[in-house]
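A.B. asks: Please take these sequences and the hints and turn them into a complete structure.
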Amino acid sequence: AQTVTQSQPEMSVQEAETVTLSCTYDTSENNYYLFWYKQPPSRQMILVIRQEAYKQQNATENRFSVNFQKAAKSFSLKISDSQLGDTAMYFCAFMKPYAGNMLTFGGGTRLMVKP
Amino acid sequence: GAVVSQHPSRVICKSGTSVKIECRSLDFQATTMFWYRQFPKQSLMLMATSNEGSKATYEQGVEKDKFLINHASLTLSTLTVTSAHPEDSSFYICSARDHRGYTGELFFGEGSRLTVL
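Protein sequences, first through last, are from chains X and L. For the first sequence, our numbering begins at 1 and goes up steadily by one. For the second sequence, our numbering begins at 1 and goes up steadily by one.
Any given hint could turn out to be false.
Unchecked claim - In silico lysine-lysine, DSS-like type, Cα no more than 25 angstroms apart, as pairs:
{"id": "1", "chain 1": "L", "residue 1": "K66", "chain 2": "L", "residue 2": "K14"}
{"id": "2", "chain 1": "L", "residue 1": "K41", "chain 2": "X", "residue 2": "K114"}
{"id": "3", "chain 1": "X", "residue 1": "K55", "chain 2": "X", "residue 2": "K73"}
{"id": "4", "chain 1": "L", "residue 1": "K41", "chain 2": "X", "residue 2": "K78"}
{"id": "5", "chain 1": "X", "residue 1": "K96", "chain 2": "L", "residue 2": "K55"}
{"id": "6", "chain 1": "L", "residue 1": "K20", "chain 2": "L", "residue 2": "K64"}
{"id": "7", "chain 1": "X", "residue 1": "K78", "chain 2": "X", "residue 2": "K96"}
{"id": "8", "chain 1": "L", "residue 1": "K41", "chain 2": "L", "residue 2": "K66"}
{"id": "9", "chain 1": "X", "residue 1": "K96", "chain 2": "X", "residue 2": "K73"}
No lab work stands behind these hints: they were computed from the structure.
C.D. replies: Next up, the structure:
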């Protein structure tokens, strides 16, 4: 079974600065997907970024980028130029392909962006 | 992007009654939907996988007779909490997979907050 670990329960960052959220996972699979989801106070889950394990290039989406280290089973999220609207819970998630799209979530990191 | 809608967003019920929560895919067909439960300040816990036209697959520890799941069409799955008790109070979230192609992405509903008095 896969496990996803987020070692930082809470983090804070000043507006406009950069913050990195950590995520490690454990799997015996070689091919898989990794995701970062954002859950703001509204509780709506929002996909932030996705990484396919077979791709060596790190995924980026505007201010969001990942550092994917497959050998180390690490998948950190970097948020640049943090904005107040980035305040939310962030969940790292693992998906094994062709297994029904079931997601395994980490415990979450609560990020507070301070003005 | 694909939209998943949950209804109701909030429901308050008396202990012993049953509550139905709907999860609809609005602009795509979903052969598979997932139901999660989320306690305050915690992560999402998968309760069951709902497959259109067949029985749901429940995770270990989730009572199938307590949490009835029906996926009667490609756009609708329902979760019924039967004989609800205060300990069933929680935030319930559904997600759905677009059957047209494999994108590795699930689309989430807005969630439903259940309060059992």
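A.B. asks: Now, for every hint given, state plainly whether the structure supports it.
C.D. replies: Verification of the supplied hints:
no.: 1; hint: L:K66 - L:K14; result: holds (16 angstroms)
no.: 2; hint: L:K41 - X:K114; result: holds (20 angstroms)
no.: 3; hint: X:K55 - X:K73; result: holds (14 angstroms)
no.: 4; hint: L:K41 - X:K78; result: holds (22 angstroms)
no.: 5; hint: X:K96 - L:K55; result: holds (22 angstroms)
no.: 6; hint: L:K20 - L:K64; result: holds (14 angstroms)
no.: 7; hint: X:K78 - X:K96; result: holds (23 angstroms)
no.: 8; hint: L:K41 - L:K66; result: holds (24 angstroms)
no.: 9; hint: X:K96 - X:K73; result: holds (14 angstroms)
Checked against the numbered hints above, the structure breaks none of them.
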